[in-house]
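Asker: Residue numbers (my numbering), protein chains in the order written: chain R, 1 to 293; chain Y, 1001 to 1305; chain F, 2001 to 2370.
Because the hints were derived from the structure by calculation, they are not lab data.
Since the model is a prediction, treat every value here as computed from it, not as a measurement.
For each residue, glycine too, the CB sits at the ideal point set by N, CA and C.
Be aware that one or more of the hints could be misleading.
Among the chain R residues that face chain Y by a calculated CB cut under 8 angstroms, a handful are [said to hold, decoys possible]:
#1 L35
#2 L39
#3 I139
#4 F195
#5 N245
#6 A267
#7 V283
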Amino acid sequence: MSVATQTTAVRTGRIGRALIVTVLIFFALFYLLPLGVMLINSLKPLPEITGGNMMALPREPTLDPWRSAWSTAQIGVQATGLKPYFLNSILMVVPAVAISTMLGALNGYVLTKWRFPGHRWVFGLLLFSCFIPFQIVLIPMARLLGLMGLAGSLPGLILVHVVYGIGFSTLYFRNYYAAFPTELVRAAMIDGAGFFRIFWRIMLPVSGPIAVVCIIWQFTNIWNDFLFGVSFAGLDAMPMTVALNNLVQSSTGVREYNVHFAAAILAALPTLLVYIVAGRYFVRGLMAGSVKG
Amino acid sequence: MSAEAMPAATSRADLRGRLQDWLPRLVLSPSVAAMLVFVYGFIAYSVFLSFTGSKMLPSYDWVGFDNYRRLFGLSAWTTALVNLGIFASLYILISIAIGLMLAIFLDQKIRAEGTLRAIYLYPMALSFIVTGTAWKWLLDPGIGIENTMHLWGWESFRFDWIKDRDMAIYTLVIAAVWQSSGFVMAMFLAGLRGIDNEILKAAQIDGASNLSLYRRIVIPMLRPAFLSAFVILAHLAIKSYDLVIALTGGGPGRATELPATFMYSYTFTRNQMGVGAASAVIMLMGVASVIVPYIYAEMRQGEDR
Amino acid sequence: MGFLDIDNVTKSYGTVEVLHRVDISVGEGEFLVLVGPSGCGKSTLLNMIAGLEDITSGTISINGRVVNEVHPSRRNIAMVFQSYALYPNMTVGQNMTFGLEMHGVPKAERERALKDVAQLLQIGHLLDRKPGQLSGGQRQRVAMGRALVRDPDVFLFDEPLSNLDAKLRVDMRTEIKKLHHRLGRTTVYVTHDQIEALTLSTRIAVMNKGHVQQLGTPREIYDRPANTFVASFMGNPSMNLMPARIVVRDGAPHAQVTLDGASQKLLRLGQPALAAQDGREVILGLRPEAITDEGGADSSAQLVEQVDHVVSVVEPAGADTFAAFTVGGRDVVARLRANSQPRVGAQFPFRLNMDKAVVFDPRTEARIGD
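Next comes chain R alone, as it looks inside the complex (with noise of 0.2 angstroms):
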């Protein structure tokens, strides 16, 4: 964490000491189980799963039901697995996150060294944009979309995902510059160097930690949502979690948990892996995000 600097000078007793590492315990279990039973189940066949504990170890392990997941399980009409939907949200988050970032730290910049009247407000608006319900947007942006031409398409949903990413991304940025010493801005202004030369040689540069920052929780929300895909993807822009959103509820034949849960698991695997290589930065956007704006 970015500000876990010092723990507290507070001494607890022994007993005290006991109980606080069993509680602490008790919850670290309590996240971990749902992964845990889904990573050890999706590695049954089905009868043992239906049939038996799911607790227990897999008797006779095996990788079909990840196999069946990513190539042949059915999702909406035909049988090709979730991969060509991995596809699909790969192509869409790439482009998203990169121009959303983009953007937003050309926001910050001009937000925080560049400042006009009213720079006020149109960060409040952009703030406040973060925040809204997006069933409010739904229905002008599914008709937009249709008169672009853009309905059921990746270009869509990259342009949908990019407008509603600029708030966050501008915020990030900007609470980042505004600490960024406003005398390196003038004495590069003095040096000659104009407004991009600026930001590209004196901003830019040392932006790593909050690009970092922004560029995960783009990819996380991106990657992880839901509405927009089920709203404006149809059935060709499909993205990963609506594809196993599909999956998992669908009510013809037999419910194949252990594919399920490898698809799940599949659905989850980047943003996870983002994770634990890269906590520090992602907590430090969920707080950024939060604490001031």
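Could you slot chains Y and F onto chain R? The hints should help.
Answerer: Relative to chain R, chains Y and F alone:
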């Protein structure tokens, strides 16, 4: 003094200078335009639709407050509101209670703090759809926790809330708390780490017991964290859609219908766009009533930065 | 016309005027210090010279050219900032040549300029380091080096020493003074430290609340402060200000002060013009070093008065001993020799060098009588 780097009117003399003056605003303008159209313009359009008799497609016949009157006459909507009330209050309360407790406990120089923190927080990285899928199955009495208890010999154990109309809403609370209480923990932990240790030492010298130390000094100092947690959780609760879809689909019956699912089904499957728009407007007002004062306070606080 | 002319310049933020009609003309090679308490407008004025803030009205010209509308980078100035403002992502060398690069100076020439300045400031061994790896004093040098490389018409310094510890600050002060001697470049230097102002400048502008209170050489500012603000702001400990009344005796003006109790004392004044002001209430200003013990009195002084008075506080300070007594209800500080031994509560014969006395009008606070 303001921190602006550049007076608006330096070097008006040459064209290049003039361009430089306008460049910042030029760079910001696409974002501002997008925001004005896609956020505020769309809000205005939805508000407008909520006053029309739109069904499957938008129409422009003005019907005044008819949609709102119909909306509040629908038992599905009032059920959704009551459900939201139960869900939101329990979700916020329990998440804050668990988050605060874990944060305080983790702050006691626990050896594996980093690992535990990571474990508590990882659900926040998951999609609600994944969370829903996992819990849907854990809560399924036929193969989930209830079945396991039976197999372990506790035959009378019953945990079938997800199939029970009266209890299903609480399963939403369980899954949602599982997903976000770790996040609340992280917020409180950051707050705790921000408290000056000398204050704690002073209180201990004053003879405060651990309990009164937390009750009288530490927790009151965490006020900003409480406020942030409340705002974040409240707006998440109002927006909750994915989790319901994945966990219960709004059922059994309408037992877990929330405004977000109501809006979606009325607009897109029942072709009552006017009513759907009206429900979205009510949701927006709910979120705004929590967020606007918060943003306003934060911006005022930052006035002199 | 000077080299840098600040002509009738004002600055407003909205309806609030923060600088009122400032007129300063700086000659080529001069070292002007803008000094004053925080919020007096000195940094704003410096930023206006640099082009970092708009000029509301009036003109600023450098080397005969009005620069009001000229971009900072084309004013041929260089600035040293309080925080040094070194680009954290560039090495020291890149920092110093960034301005030349932006101005399209060829690489070979940049390297030459860098080498010269690095040698001058003895920072050649630091050129490949990043600012984060430097000590405070080194960063300060680099910041100055970055300004020097530009070879500008005017150097601007914005409180460059305020982030250094006390000892380093004194060393760097000397260094800046030497550099100015050597390069003879026109300099405007902002500080809130009156010692820095007195030691570095060829002229000082003392500012308060957006007004230039006095513009003059360090000697003028110190000996003949224009008003009580300048008198008490410049000098440490600051000038003693005592309520007094003009009394004419034998055709010569005297200042009548009330020692504690009711006893009154007449002190001869050196300003003949004050003889016309018999009976007027004034403020008498006398610097601590003009009040000494018997042996410490300035032998060249013409008018010396002796005041026997009870000592209220004694503060030995190594080189000197400070002693205080009360006049008209106010503490008056005397700067005694280190080996004089006043005792608290006992009478002590203070010697007042009235040659150095200045007189102020209590209403306008301006100096009068000469």
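Asker: Of the hints stated earlier, which fail here?
Answerer: 2
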